[in-house]
Structures are given as C-alpha cells and as structure tokens.
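Using the hints, position chains B and C against chain A.
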Amino acid sequence: MTTAKIGIVTVSDRASAGVYDDVSGKAIIETLNEYLTSPWEPVYEVIPDEQAVIESTLIKMTDEQQCSLVVTTGGTGPAKRDVTPEATEAVCDRMMPGFGELMRAESLKFVATAILSRQTAGLRGDSLIINLPGKPKSIRECLDAVFPAVPYCIDLMEGPYLECNEEVIKPFRPKK
Amino acid sequence: MTTAKIGIVTVSDRASAGVYDDVSGKAIIETLNEYLTSPWEPVYEVIPDEQAVIESTLIKMTDEQQCSLVVTTGGTGPAKRDVTPEATEAVCDRMMPGFGELMRAESLKFVATAILSRQTAGLRGDSLIINLPGKPKSIRECLDAVFPAVPYCIDLMEGPYLECNEEVIKPFRPKK
Amino acid sequence: MTTAKIGIVTVSDRASAGVYDDVSGKAIIETLNEYLTSPWEPVYEVIPDEQAVIESTLIKMTDEQQCSLVVTTGGTGPAKRDVTPEATEAVCDRMMPGFGELMRAESLKFVATAILSRQTAGLRGDSLIINLPGKPKSIRECLDAVFPAVPYCIDLMEGPYLECNEEVIKPFRPKK
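Residue numbers (the numbering used here), protein chains in the order written: chain A, 7 to 182; chain B, 7 to 182; chain C, 7 to 182.
Only chain A is shown next, with the shape it has when bound in the complex:
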C-alpha cells in the first residue's frame, strides 16, 4: 500500500517567528492521525504570511515532495497580512469552489463572522490544496465537513488510496 504524503502548512507571522507555538498545524496532524488508517507521512512547515513564501512552499510540496494533499492553516481572514487564498489561487491550475462554500456554511452554524473567511481550495497537477481556518476549533469543524470528499477526489487524480477509521469520519466513494 502506497504511503500518502500530506503537506501541512501553518501560515503565521508569529508562529514562524517563534513568538508562539504552532497549535494549529499540530491539531491538523492529530486529526489526520485520527481519520486515516492507511499509511501516511506528514510534510510539515511553519511559514510567515508572505505570499511569495506561501506560493513557493505549496509548489515545493506538490511538485517536488509529491504530496497528494496539502492543507494550509491561517491567513484566510481580512487582515492586511492575510494572503493565503491569493497564494493558493496563484499556484492552482483549477479551483474547487465547493470546499470554501461548505466550510463557510458549516462555520456559519457557530459564528456570524464565518463569512469573513476567504478560504478556497484548488488543484495543482495531481495535488489537492485546501485552505483551513486558523483556529483549532474551526479547523476541526471544517475538516469534519469536507474530508469525506477528499479520498474520492484523490482517487480521481490517481493518487494513493486513503482508508479511514469510519467511526471517526466516513469517506464517500460513489458505487461504480
């Protein structure tokens, strides 16, 4: 069974400067460990809110390190330094608007400010890139909402077959 490589990119000026610990990236790794029963390997980086750095990190993780999936956390709000969606769109060949729509709809059940989240997702070559919010609680809500569609998406791009702990998350694969 092929080991899936999954990129986790924390985008945060303060975490990358060591001002505080990266709780968000670690929360994503923990969640993926709970979800996945098939072998996977994280490729993890903490970088500042610089569009050029985000773009080059996403390119390296997809093209060189062959991550089938890359998830980012942080940099999706309206503050001046928030440019993760712009970097994502710049490196993707094709966009996946349904991920952002569903994550915002999901977060709206909890907070009215969910509409300030500019999260998107897209495809670069054989890789799926998904922006997640910055806060651990919202990360989990959003991942729980969109992850059921991720294994089949990666199948369609001929990537590794992801298997999940169905007591935690139920991936959906249509019957042929």
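Bear in mind the hints are in silico, worked out from the structure with no lab data behind them. In this text the structure is predicted, and so the values were computed from the model without any measurement. All C-beta atoms, glycine included, are put in the ideal place defined by N, C-alpha and C. Accuracy of the hints is not assured; some may be wrong.
Calculated cross-link-like contacts (lysine to any residue; reagent style SDA-like; alpha-carbon spacing at most 20 Å) [as the list claims (entries may be wrong)]:
hint, chain 1, residue 1, chain 2, residue 2
1, B, 86, A, 180
2, C, 181, A, 85
3, B, 86, A, 98
Which residues of chain A face chain C? A partial, calculated answer using Cβ under 8 Å [what the hints assert, rightly or not]:
hint, residue
4, 85
5, 92
6, 106
7, 107
8, 117
9, 120
10, 121
11, 123
12, 124
Leaving out everything else, chains B and C in the frame of chain A:
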C-alpha cells in the same frame, strides 16, 4: 411565439469517441421537453474534454446559432481531463456564481462528494451558459434546483419568453 | 470616538438620470441609522451603470474619502448594463466570497431567482466593499444577514469601532 434555441453540449472523451452512448445529453433534452410548453429547438453536440473544443463549441452555439441558453454536461470534476468550467469561464463576459453554489448545495443533500463539482455558469452576450454534472441522476437534481430562475434570466437578457409545465417545474418571475 | 465614514453608492441609469427617485440608497442609509449607535457619516452618490464610473467612485470613496465600508445597490443582475460586480472585483485587492454566498442563500428563502444575483464583496486597502441587491426589500434581508460580521471585519482592518443597537442587529465579535 419565438422558438427558443437551447444548446446541449455533452463533454466526454468516451461518448464523443463512440465508446458509449451519450445518455446524459439525451436526459437533458428529455427533461427540457418535460419542462417547456413554449416552442424550443435543441442544438446538440457531443465533444471531447478538450478546452479549445469546448470553448469554440460554446462560442458557435451562442454567437452564431443564437442559443439563448446552453447547458453542458460532463467535465466538471477534479480528474485531469475535466476542464469544462475553465472553458466556460474563458468564453463568458460575466459569471453567475449562484448557479454552482445552489447545485452543489442541492447535491450535498445526497452525496458528500458534491463539493468536488466545479460547475459554474455565466453570460456570454445574450446567452446563459450553465454547467451541469455528468450523471443523469445528478443532472435532474441540479436542473430541478436552478431551472425555476432560468426563464426570468432570459427575460432580463431580452431573449424568448419560456413557458413551463407548472406541474413539473415552477418558473419564478417577480411581479413588476 | 472616531466617526466612521460609510459610502453608499446607488448604481442605476434611471435614478442617476433623475427618471425616478433613489429609494434604494435612502433605504440603506435608514437601515444603517437603525443599526449603528456609534457616530457615522454617509458619503452618498447616485451613478449610472457604467463600469468605469463605478470603479472610479469606489476608488474615490475608499482611497480619498477614507470610507471604511462602502455598500453599493443595483447592477448585480444578468441584464446587459449590470456590471457592478465586475467593477467591484476590478478595484479590490482581495475578494470575500462569503458575503455573496450568504446573501444569495438568504434571498433563496424568498425567491428562486436569488441565484441570478451576482453580488460580491471584497477589500480594497483598509476598506470593505459590499454589493447589495437593487430592491429595498432584498436590501434589508441581505444587510440583516451579513451585517453582524461587518464590525469585526472593520476591527481586523484597524478601522473605527462600530457599535450597534443590539435590539436591531447583533454584531458578532469573537472573544479573544
């Protein structure tokens, strides 16, 4: 009463190569026959998943053949050859994000993988172009969701007045 | 307490030519007066559906007149002269897709033609620009839906602190 011209474009490498029959395009024609009581004429093509071919077909159907509405089926997923939304955006002057949003929200009631659908819609000159999914069951679900808004959209673009069988589909036209 | 400047732009060929009175822009000002208890000052213009004029008005209100928030009304449908979303996107650095999504979802509760609304929102420098629909009834529905997120958005852009009459509208600010 003016006869409306409606383009139906099946985008599929295999159907266009004759590997299998085009069930999807025919399902759309059948559905429109059920919906519409005013006169209409289909302009129907089956083409491969080539962005340039999709674009030239959409341009021909809108500019030359004067279709007020063009619906596509197929090519909206994340697989490498799926480029129908990109071709649609390339030929449209103005986009209509509400169609894709509603179709995905509607399909999400049935399958978690609805968010993988990259469907969009847009306007080219006096024509409305709508991407539908590839599977006949999803096509009907999506058309039932968005079609009530189509006749008024075409009114606003000064196209032919579409009348529907209101036992099948209820078009909405705001009172002046 | 800093006085917030809020731009209100009515985009309408007929209202700007004096063919009829601008009910929509006035309805927005009235609604904001009901919402806000902190000091604010409207910057109000009625202009035709010309993309270049809309763009220059938005640039003037944000860059020169320092409006923290600019709301437009009109020009978001599929009719040929409707180009407000295109003008908005052209002047914004970063887009806010959640506003359009929520406004359409909200309007869909009332009318099937809500999906014809091409409304968007985005950021230009320190300013938030939001497209609203043209009809007073829809304006209020849409503002009631999205405004709870606006004060926090402006906080994040380091603009003036907006206070609301919480019996009319409840702004949401996450606890730190």
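Hint check results:
1. The straight-line distance between the Cα atoms of residue 86/B and residue 180/A is roughly 19 Å, inside the 20 Å bound, and the hint therefore holds.
2. For the given pair, residue 181/C sits about 17 Å from residue 85/A by alpha-carbon distance, which is consistent with the 20 Å threshold.
3. Proximity of residue 86/B to residue 98/A is assessed by CA-CA distance (about 13 Å); at most 20 Å being required, the pair is judged to hold.
4. Interface hint at residue 85/A: satisfied, since its Cβ lies 5 Å from the closest Cβ of chain C, which is below the 8 Å cut-off.
5. Hint on residue 92/A holds. Least Cβ distance to chain C is approximately 6 Å, under the 8 Å limit.
6. At its closest, the beta carbon of residue 106/A sits 6 Å from a beta carbon of chain C; the interface hint therefore holds under the 8 Å criterion.
7. Hint on residue 107/A holds. Least Cβ distance to chain C is approximately 6 Å, under the 8 Å limit.
8. Interface restraint check for residue 117/A: the shortest CB-CB distance to chain C comes to about 6 Å, inside 8 Å, so the restraint holds.
9. Satisfaction of the interface hint for residue 120/A is found here, the shortest Cβ-Cβ separation to chain C being roughly 7 Å, below the 8 Å cut-off.
10. Taken as an interface hint, residue 121/A checks out: its beta carbon lies about 3 Å from the nearest beta carbon of chain C, inside 8 Å.
11. Here the hint on residue 123/A is kept, as its CB sits about 6 Å from the closest CB of chain C, short of 8 Å.
12. This hint holds: residue 124/A has a C-beta 6 Å from the nearest C-beta of chain C, less than the 8 Å allowed.
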